[in-house]
Amino acid sequence: MADSTCTSEFCNAGWAEILTHMSPYGYANFGIAFGLGLSVVGAAWGIWLTGASLVGAAVKAPRIRSKNLISVIFCEATAIYGVIMAIILANKVKKPDEATYFLDEDWDFPGFYYAGYGMFSAGLSVGLTNIASGVSVGIAGSSCAIADAQDPSLFVKILIVEIFASALGIFGIIVGIIQSNSCTFPIAPLE
Amino acid sequence: MGDNYYEAGNISYPCASWAPILGFSGCVFAVVFANIGGAYGTAKAGQGIMAMGIRSPELLMKNIIPVVMAGVLGIYGLIVAVILNGKMMPPQNGTGASVYSQYAGFAHLGAGLCCGLSSLASGLAIGIAADAGTRAIGAQAAMAASWKKMGFTGDAGGQVNSTGDALFVGTVLIQVFAGNLGLYGLISALILSQMDYSCEQN
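Residue numbers (our numbering), protein chains in the order written: chain Y, 1 to 191; chain R, 1 to 202.
Any given hint could be a false lead.
[What the hints assert, rightly or not] For each label pair, taking beta carbons as the anchor points, the in silico distance ranges come out as:
hint : chain 1 : residue 1 : chain 2 : residue 2 : range
1    : R       : Tyr-197   : Y       : Val-156   : 50 to 58 Å
2    : R       : Ala-136   : Y       : Val-156   : 46 to 54 Å
3    : R       : Cys-199   : Y       : Cys-11    : 27 to 35 Å
4    : R       : Val-176   : Y       : Ile-80    : 32 to 40 Å
5    : Y       : Val-83    : R       : Gly-164   : 45 to 53 Å
6    : R       : Leu-183   : Y       : Lys-60    : 29 to 37 Å
[To be verified] Cut-off 25 Å, straight-line C-alpha distance, at most; resulting in silico cross-link-like pairs (DSS-like, lysine-lysine):
hint : chain 1 : residue 1 : chain 2 : residue 2
7    : Y       : Lys-157   : Y       : Lys-94
8    : Y       : Lys-92    : Y       : Lys-157
9    : Y       : Lys-92    : R       : Lys-62
10   : R       : Lys-149   : R       : Lys-87
11   : R       : Lys-87    : Y       : Lys-157
Quick caveat, the hints were computed from the structure, so don't treat them as lab data.
Keep in mind the model is a prediction, meaning the values are calculated, not measured.
We put the beta carbon where it would ideally sit given N, CA and C, even for glycine.
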């Protein structure tokens, strides 16, 4: 080790110490929380963006109300992606089979860390992507409602823009599922 | 394994147990930032399309091109995230030793940031340029229609009766150049993702 390494108890030895001294279970559960919470934030943002335009445009053109609820449902879908990811991840967080006071050296510690980091990253992937996707769907939905109020034939054409926007949320959940696939918490010591 | 195997601060182990978070973070940055760029591009372009389409619905389908280009940026992020994830190996079951190295971890973190931030920038450019371009196309169509209504028939130093394709071609060219930025990020990310070092256990 280098001579300049700080050995006082008030400094960290490096990233390693910071990253490995936080519990993998903490990482995993924060991933679940961020995955669900941030997805719902994105969905909510999109819903108020599109809903405000929808009711405003419907003052002069009440006929648009029912058709443009589709935009609100597109936003809701981004929240559903977060729920799906949270359920998948929550089922992967497993506790050890036998209750022990102390984990011996023959447990798979790198496996713990890998699982914790992977679930954290999966949750962040889904959550942050769904914020972007939700806002984009909301803006596109608001454009859709305003255009529909002017001219009914524009609804389907601007819905295409909204479909492209909601595809971004799907990319997020694809990456989240792939990331969390290989993450399993060890439940027993290695043989 | 030595006495201090579980001592986290020891950087002399290339395949440290904390290395996977670097690779995973690379995947996260790639997909999140690329999709932020794609979302911005889609939303901004959509607003421009709406503003133009209200007056000229017949021009609408042509101007969906920027929306498609913004969507492609999201796909770049997805591609890089999937490639990086394919290179991340979980610790080997029998021995519990890590296989993924710090070298690969930091390289993949860089790859993810490359692709993500480039696609973010590209999405911003595509969105703002598309918004301005489509609004200009709509304004030009409105202008041509009003001149026609006022009775101008001659070519008064410009295009009056037919606006031609010049503005549309210009808009699409700007989109192509803006989309190139995301492509540069994707190429750099693919080069960085090739850097690999894994600790094979016998």
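Here's how the hints hold up against the structure:
{"no.": "1", "hint": "R:Tyr-197 / Y:Val-156: 50 to 58 Å", "in the structure": "holds, 52 Å"}
{"no.": "2", "hint": "R:Ala-136 / Y:Val-156: 46 to 54 Å", "in the structure": "violated, 24 Å"}
{"no.": "3", "hint": "R:Cys-199 / Y:Cys-11: 27 to 35 Å", "in the structure": "holds, 28 Å"}
{"no.": "4", "hint": "R:Val-176 / Y:Ile-80: 32 to 40 Å", "in the structure": "holds, 35 Å"}
{"no.": "5", "hint": "Y:Val-83 / R:Gly-164: 45 to 53 Å", "in the structure": "holds, 51 Å"}
{"no.": "6", "hint": "R:Leu-183 / Y:Lys-60: 29 to 37 Å", "in the structure": "violated, 44 Å"}
{"no.": "7", "hint": "Y:Lys-157 / Y:Lys-94", "in the structure": "violated, 47 Å"}
{"no.": "8", "hint": "Y:Lys-92 / Y:Lys-157", "in the structure": "violated, 42 Å"}
{"no.": "9", "hint": "Y:Lys-92 / R:Lys-62", "in the structure": "violated, 47 Å"}
{"no.": "10", "hint": "R:Lys-149 / R:Lys-87", "in the structure": "violated, 64 Å"}
{"no.": "11", "hint": "R:Lys-87 / Y:Lys-157", "in the structure": "violated, 40 Å"}
In summary, the structure is inconsistent with hints 2, 6, 7, 8, 9, 10 and 11 from the numbered list given earlier, while agreeing with the others.
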